Every structure is written in C-alpha cells, then in structure tokens.
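All chains should be modelled from the sequences, with the hints used to inform the complete structure.
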Amino acid sequence: MILTNKEAETFTYEEAVEYIEEIPRFTKKHTLEHTRRFLKKLGDPSIDRKIIHVAGTNGKGSVCAYLQAILMSEGKRTGFFTSPHLVSINERIRVNNIQIEDEAFLRVFRQVLKTVREMEKSGEDHPSYFEFLFGMGMKAFAETDVEYIILETGLGGRLDATNCIEHPALSIITSISLDHTDILGDTIEKIASEKAGIIKSRVPVIYDGSNEEASSVIRSTSQEKNAPCREITKNAFEIQEVNRKYIAFSRTSAYDKDVIFHVPICGCYQVMNAEIALEAAEYLLKEEQIHLPRWIDALASIRWAGRMEQVAPHVTIDGAHNPGAIAAFVESIKALKADEGEGPVILFSAVSDKKYEQMIKYLCENLNAKAYVVTQIEDARGVSAEELKRIFERYTSQKVFCEKNLADALAAAERERGESGEIYCLGSLYLVGMIKKIL
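Going by my numbering, the first residue of the sequence shown is number -14, and it counts up by one from there.
Don't read these hints as lab results, they were simulated from the structure.
Just so it is clear, the structure is predicted and the values come from calculations on it, not from any experiment.
It is possible that some hints are incorrect.
Said to hold, decoys possible - Cut-off 25 Å, straight-line C-alpha distance, at most; resulting in silico cross-link-like pairs (SDA-like, lysine to any residue):
hint, residue 1, residue 2
1, Lys25, Gly182
2, Lys346, Glu372
3, Lys271, Ser186
4, Lys230, Val315
5, Lys339, Pro298
6, Lys384, Pro308
7, Lys421, His70
8, Lys61, His276
9, Lys35, Lys339
To be verified - If you anchor each label on the Cβ, the simulated ranges turn out as follows:
hint, residue 1, residue 2, range
10, Asn353, Glu103, 55 to 65 Å
11, Arg10, Thr172, 44 to 54 Å
12, Glu197, Pro9, 12 to 22 Å
13, Leu144, Lys99, 23 to 33 Å
14, Lys106, Arg375, 49 to 59 Å
15, Gly28, Lys230, 42 to 52 Å
16, Asn82, Glu272, 18 to 28 Å
17, Glu103, Ser369, 36 to 46 Å
18, Ala285, Ser201, 30 to 40 Å
19, Asp243, Asp33, 35 to 45 Å
20, Gln274, Gln343, 41 to 51 Å
21, Asp243, Leu144, 43 to 53 Å
22, Glu272, Glu378, 27 to 37 Å
23, Glu378, Glu327, 17 to 27 Å
All residues carry an ideal CB built from backbone N, CA and C; glycine is no exception.
Now the structure itself:
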C-alpha cells in the first residue's frame, strides 16, 4: 500500500519505513538541480559543513568508515551517509558511527515528507528512494550539528544525487572495476569518467591509482577542473603481516614509516582503503595538531559489517559482488593461505544485474575450494539457485550443492566443511544481509 494521503505527523516508524520502501514504485531518479531545490527547501542543511564526497566501485564504504573513525579520534563530530543497508534502513544515516535511532528517524522522516508534499503542490516531482533518504540524512546531520559529513555515492558519481553538493572539502575516488555496466558503461574508462564526475573545480581529490586506465581519466578530469590530485598506489604502504584477525602495515612516507597500523579485517585490499583514509585525514586536519596514537587506535578498532566479517565460528561473510571485488577476495584468501589443503567451502548467490558468470569463472579458476553451495536471495532480481549451479558446474569439477533456502544452504556448507574447514559467503550484499538476519 502506498501511504501517500496520510498526514506526516500520523506516521509510525514502521509506516515510515514502508512508505520509503514503496517510493521506487511511483517515482523516478531526478536531475541534480531537482535535488538541489529539494535540499534548499529543507533549509540548505549542508551549509557550513565540511563535506567529503566518496565515489568508486569497491572500497567506498570502508574508506568512509576509516576516515570517520580517524576524525572521531580527533574529537570531530562526524555524519556518515552510506548505502546500501544490510539489516536496518537506519544504518544509512550515522552520527559518530551510531546509526540513527527509530525515534529520530521518524522525526526527520516527517519533516522531509512535509517538504515533499509542499514540492508536489507546487508541481515538483516526488524525490526518488535514494534522494528521499539523502534528504533525511542531510537534515539529521544539520540537527545534530556535525562538523564533517562523509557522503558515499549510491551509484556512479556524475549523476548521483549526492553530487548536487557543489563545494565539498575533498573528493575521494576508490578502486574502479566493471560494475553496473548497463548504466555506467562497459569499459573501465567509461566507468572512471562517471566516477570522476564528482571532481569539482579547485577541490582536491585523492584516488586509488591501482588501475592505470582509471587513473588516466581521473588525472585528466582533475586537470580540466584545476583540482589538485593525489594518486595513491601500492608503493605508499607495505604489508607486514596477514592473519585471520588483522592485517598489519606500515606507510612508506618519511613521517611515519616506522609506525605499524593494524586493520582488524583480513582483506588485503583494506590496506589501500586505510591508506586513502589516512591521506584524506592528513589533508583535512593539516591546519591542526594530529595525534598519531589516536589514529592507530581508531583503525585498530574498526568494525565494518559485511567485509571479511566472521559472523560465527568458521563462517565469514564478504560483500564482494562484482569481478573486481571477487579478485580482491581471492587475493585475501591466498594471503591467509586459506585455500591450502582441501580449501574452503564457498556459499554463493547473486543478483541478475551483476556479472555473476564472470565472478563464478574467476572463483573456480583461481581458488582451491573444497565445494560450492549456491542459494537464492530474497529479491526479485535474485538469480535462481539452479542457474548458478549450472554455471559453477561449467567451470569446476568440485562438488556443487543447490539449496534454495538459505538455512539449508548454511547447513550444507557446514556439513561439507568438515572438522577444520572454513565457510566464506559472498556474491551479493543481499546475501550478506540475509545471513546476518539468520545468525
């Protein structure tokens, strides 16, 4: 039911969530100018806030989480707008890493809905699902008087609603690989161009320089915008140790080359993300005294859901859901030596608009897995377990089990892992969220 005729003040929290979830059914994505008018009618909540705008294919959320932790360690009140959520929609709006409470969520929803109703009366379109939540986030950040706002793009960059912010303090572009190719383009260069759309005139940009095709586009765009750019490559750090509990690394800068940082997530790709966050924090706080021990503690205490996260004994979930992320996952498994011996059991599912056959092929050809278990996610776009099983059997001679029900799939994976094996669940953020709900 679309609850469009209720008075905003009469909504309960549950009805507010239902209303937001219904939005995709009666509206569409709008122009950045439309979103700017929307924010203006909300009172320009971004005024006087220092905004860090983050785009990229993989690593956006992790970079945001690390930067948030560092800023908080220096006593900076920080808002964080992120997507998607894994369990609760409240996860998308955080202040000092605490997700918005139901009562505050409802209060901000009512304020935003009143503004939307006024817009509709004057002939303006209703904001989209993401635009509505973005407006809620910015309104919540203004109410809680944050100094810094970290904005993670939803999709792409150039046309993303968050790109309506015209004067951010800093732009960040993380790892770029093929994803959403039907929308963003079918080459790295085309996708990089969309991500580089967040670069603003004279606003510094820090970016992951691991891919030269993407880097070339970002450098060119930065030059056109007269935006100072800082490229981060693997030469910026050195991994010292990898185990199931953390990754230890040092930086190659002269200032703190003897300092060891620990990231409590066992994905090797997280070191690049942490380095980007450190570089960003150094820029943002360049006029202030920094306290390096606080930064070390902040990174060591990070908890980022769904990123190589151990959720039960012998069960790890990872949000890898595109070819680039799958390759990074395999790299981490090899660094952990987790594919030695019989190898792990992989529990996999995917949505239809992802390159799932490419992901499956890479897993089968580059990972020594003991067995694969495929299941189906609770979403209309979910690929059938039967189709996933057929594709896996095309690329591997290992056992492939098909379980439509997630609980049955987890039971099958547990049975196959034996006494000492590990289970890794990946392929979709929807799958990650479903597993967290079950456990």
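Each hint, compared with the structure:
no. : hint                        : verdict
1   : Lys25 x Gly182              : holds (22 Å)
2   : Lys346 x Glu372             : holds (14 Å)
3   : Lys271 x Ser186             : holds (20 Å)
4   : Lys230 x Val315             : holds (17 Å)
5   : Lys339 x Pro298             : violated (29 Å)
6   : Lys384 x Pro308             : holds (22 Å)
7   : Lys421 x His70              : holds (12 Å)
8   : Lys61 x His276              : holds (13 Å)
9   : Lys35 x Lys339              : violated (34 Å)
10  : Asn353 x Glu103: 55 to 65 Å : holds (60 Å)
11  : Arg10 x Thr172: 44 to 54 Å  : violated (33 Å)
12  : Glu197 x Pro9: 12 to 22 Å   : violated (37 Å)
13  : Leu144 x Lys99: 23 to 33 Å  : holds (27 Å)
14  : Lys106 x Arg375: 49 to 59 Å : holds (53 Å)
15  : Gly28 x Lys230: 42 to 52 Å  : holds (45 Å)
16  : Asn82 x Glu272: 18 to 28 Å  : holds (24 Å)
17  : Glu103 x Ser369: 36 to 46 Å : holds (45 Å)
18  : Ala285 x Ser201: 30 to 40 Å : holds (35 Å)
19  : Asp243 x Asp33: 35 to 45 Å  : holds (39 Å)
20  : Gln274 x Gln343: 41 to 51 Å : holds (48 Å)
21  : Asp243 x Leu144: 43 to 53 Å : holds (44 Å)
22  : Glu272 x Glu378: 27 to 37 Å : violated (59 Å)
23  : Glu378 x Glu327: 17 to 27 Å : holds (19 Å)
Hint compliance for this structure: hints 5, 9, 11, 12, 22 are broken, all remaining hints hold.
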